[in-house]
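**Q** Chains as they are written, first to last, in our numbering: chain A, 1 to 110; chain B, 1 to 558.
Incorrect hints may have been included.
[Claimed, not checked] Using 25 Å as the maximum straight-line C-alpha spacing, the simulated SDA-like pairs for lysine to any residue come out as follows:
hint : chain 1 : residue 1 : chain 2 : residue 2
1    : B       : K35       : A       : L12
2    : B       : K418      : B       : M386
3    : B       : K8        : B       : D100
4    : B       : K49       : A       : E15
5    : B       : K157      : B       : A25
6    : B       : K201      : A       : T107
7    : B       : K74       : B       : E40
8    : A       : K77       : B       : A529
9    : A       : K69       : B       : K201
10   : B       : K418      : B       : D434
11   : A       : K69       : B       : Y236
12   : A       : K95       : B       : T498
13   : A       : K83       : A       : L40
14   : B       : K325      : B       : L346
15   : B       : K68       : B       : Y57
16   : A       : K73       : B       : E522
17   : A       : K95       : B       : Y495
18   : B       : K35       : A       : P104
19   : B       : K201      : B       : D100
20   : A       : K95       : B       : V54
21   : A       : K83       : A       : A2
[What the hints assert, rightly or not] Some residues of chain B that are not near chain A, with every Cβ distance over 12 Å (derived):
hint : residue
22   : K139
23   : C203
24   : E242
25   : G295
26   : N344
27   : D351
28   : D354
29   : R401
30   : K466
These are calculated hints, taken from the structure and not from any lab test.
Glycine included, C-beta positions come from ideal geometry on N, C-alpha and C.
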Amino acid sequence: MALEVDGQSIELDEEGYLVDLSAWTPEVAKALAAAEDVELTDEHWDIINFLREYYEEYQIAPAVRVLTKAVGKRLGKDKGNSKYLYSLFPYGPGKQACKYAGLPKPTGCV
Amino acid sequence: MADYEIPKITGEEGILEIPHIQPDAMKSHGPWISKHEFQEYMHFPTDFKMPESVEHYGDADTLVENWKERALAKMADLKGRYRSLQVYLDICVKCGACTDKCHYFLGTTDPKNMPVARQDLLRKVYRRYFTFAGKFFAKLGMPGFVGGAELTEDVVKDWYNYYHQCSQCRRCSVFCPYGIDTAEISMAAREILDHIGMGQKYCTEIMGKVHKIGNNLGLPGGALADTLEGLEEDIYDDTGVEVKLPMDKKGADILLVTPSADFFAEPHVDGLMGYAKVFHELGLDWTLSSYASEGANFGMFIGSYENMRKISLRVRKAAIDLGVKRIVFGECGHAWRVAYSFLNTLAGPFDFLDQNYPIPQHVLEITEPALAAGKLNIDKSLNDDMTLTFHDSCNIARGSRMGDKPGGQFEIPRNVIKAVCNNFVDMPADTIHDATYCCGGGGGILTDDLMEVRVKGAQPRMEALKYVTDHHGVTHMAAICAICKSQFTKVIPYYGFTMDQIVSVHQLVSNALILTGQLTEEEMEAKEAAEEAERLAAKEAREKAAAEKAAAEKESKD
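Chain A with its partners taken away, still in its complex shape:
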């Protein structure tokens, strides 16, 4: 699988995640979302940016709990819950948001 972004071909795995994590750009995120009929709003970007920062520090996507807590601290308590995150990323904040943020999918018994 591959994604065309600005004339460049970006390689994706079977499930649509980036094969080369360094190939990520904001345009890639927009294209990945567009492929799933999602238009990225500022609310989406808040989450995506946090995910990328966390990944840079810890080399893994944050747990849902860590994510909700951080979102609550940054954006207000009413948004620090998985309901809010699911409203933005209906396929699951872990999996869908990670995909747009260019992070590898969390695997295991999750």
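Place chain B on chain A using the hints.
**A** Frame of chain A, contents of chain B only:
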């Protein structure tokens, strides 16, 4: 939600009617195939060609060289290593007792998901190549006369597809008069497939992470430490008590080995906080290990003794390095099967541990007697917003035991739930204890590319849950397995339930447990208000001091 039909549940009887069969209903290419890099890490052959697309999965030109000879050689190797495998392949009398016992057959109606038919996919090749009758009739060009079949590309494709529609839950083996264990046959089939270029991506990628990082998730030590710190904060914010979740603490008494999902997923993490609170309250000195930060052992799912052993040896090394006296396992189904049934032969002897405790021990074997002895201060009414039922996880129910009495694996979790909850109802008898239905996601099936299999395979459990929901007002289902918890939170919405209806058993304990020194909600609020006031006062004092200093400096300048 899905491009296939979601089975309907009625809740009338709690037990499914046996469906009419629909041949090839689940014929497919199977899950994603493992890339060379993952196979290499597992020490499996890599001289295969990665298929260009799923349509080519199993094509002879994508498999390893001499794939047929190598598949048969592997089969010969396995039947030599495991006498049970050969007995199971020889002994089936086609009585049919197993046919309607598999949740995947009931949910999908595909006759190849009947346990006997699933076994026969491998058995027919065994009969053709390894029995006198099979070899003889094959020479006459009619191996089918004695239930044999040539090993062809199509057989390999069926293996890959249908052995990944088995969660190795062993329900069928309970009803088999000969005790034939389909799980073992399915493990052998996957081991053969791994040796001809058809590994499954999900399992091998995950095991690569365990070998490299220490857990299925690939959670490095730093992230784990940060996560545990966050959980300590959460417990403190909730109770006002400093409960620790120690990592790599040398000289601790207990090493807790738990599935890495407990650090990451909901409701697993609530269970982990429950273990921590129980240990704290009982004054136990415990630690997690960043090296052995995984209870799960996917080596079992793919029938790879070598990989299962390698993962188990991490637990041994961590126990020795940390100098612990006991090893305790958290809520994880197949981890407990491997721990209870195989750990001693895989990674023993454990003569360096305290022999006065079970080796290894299940966390419920600590909590249950503590509750029974009144060592934990419990307010059951704190769980009164729920009516619980309990899902017996297959690997615990049929592959292990707890406590010192037969059936302890059924009683101990229920005793714990009943000790911390006022409302508990069991699901129908044919769907619990050793007749429990799998969640539909066990044995290496818990991956998005097998979603249809997972949703349909959950149907029998969903029917039983619907029954107790409609007839007994059940609101939540508790489980003691990371896979069950993840599978259910994902698939129950397809059946009209909500994901938060799944809870961890130790989450229920955590809800009802009043820690020594725990503050009430009002006290917590008052404490937070006092801390806030203190912060404000300190801030004011700082500002005042700064202003005074600035004034003094100005004065001295003047």
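**Q** Work down the list of hints and note, for each, if the structure agrees.
**A** Hint-by-hint comparison with the structure:
1. K35(B) x L12(A): At roughly 14 Å apart (the allowed maximum being 25 Å), L12(A) and K35(B) satisfy the hint.
2. K418(B) x M386(B): 12 Å, holds
3. K8(B) x D100(B): Distance of about 18 Å is within 25 Å: holds.
4. K49(B) x E15(A): 20 Å, holds
5. K157(B) x A25(B): 15 Å, holds
6. K201(B) x T107(A): 11 Å, holds
7. K74(B) x E40(B): This hinted pair holds, its Cα atoms lying about 18 Å apart.
8. K77(A) x A529(B): Given that 25 Å is the threshold and the Cα spacing comes to 17 Å, the pair holds.
9. K69(A) x K201(B): Violated - the C-alpha atoms of K201(B) and K69(A) are around 32 Å apart, more than 25 Å.
10. K418(B) x D434(B): Between K418(B) and D434(B) the Cα gap is close to 20 Å, so the pair holds against 25 Å.
11. K69(A) x Y236(B): 15 Å, holds
12. K95(A) x T498(B): This hinted pair holds, its Cα atoms lying about 19 Å apart.
13. K83(A) x L40(A): 18 Å, holds
14. K325(B) x L346(B): 19 Å, holds
15. K68(B) x Y57(B): Between K68(B) and Y57(B) the Cα gap is close to 16 Å, so the pair holds against 25 Å.
16. K73(A) x E522(B): 23 Å, holds
17. K95(A) x Y495(B): Within the cut-off at roughly 22 Å; holds.
18. K35(B) x P104(A): Holds. K35(B) to P104(A) sits at ~16 Å (cutoff 25 Å).
19. K201(B) x D100(B): At roughly 30 Å apart (the allowed maximum being 25 Å), D100(B) and K201(B) break the hint.
20. K95(A) x V54(B): Within the cut-off at roughly 22 Å; holds.
21. K83(A) x A2(A): 32 Å, violated
22. K139: 43 Å, holds
23. C203: The claim is violated: C203(B) sits with its nearest Cβ about 10 Å from chain A, within 12 Å.
24. E242: For E242(B), whose nearest Cβ neighbour in chain A is about 18 Å away, the distance exceeds 12 Å, so it holds.
25. G295: It is violated; G295(B) is separated from chain A by about 9 Å at its closest Cβ, not greater than 12 Å.
26. N344: 24 Å, holds
27. D351: About 31 Å separates D351(B) from the closest Cβ of chain A, which puts it past 12 Å; holds.
28. D354: 29 Å, holds
29. R401: 22 Å, holds
30. K466: It holds; K466(B) is separated from chain A by about 24 Å at its closest Cβ, greater than 12 Å.
Hints 9, 19, 21, 23, 25, counting from the list given before, are not met by this structure.
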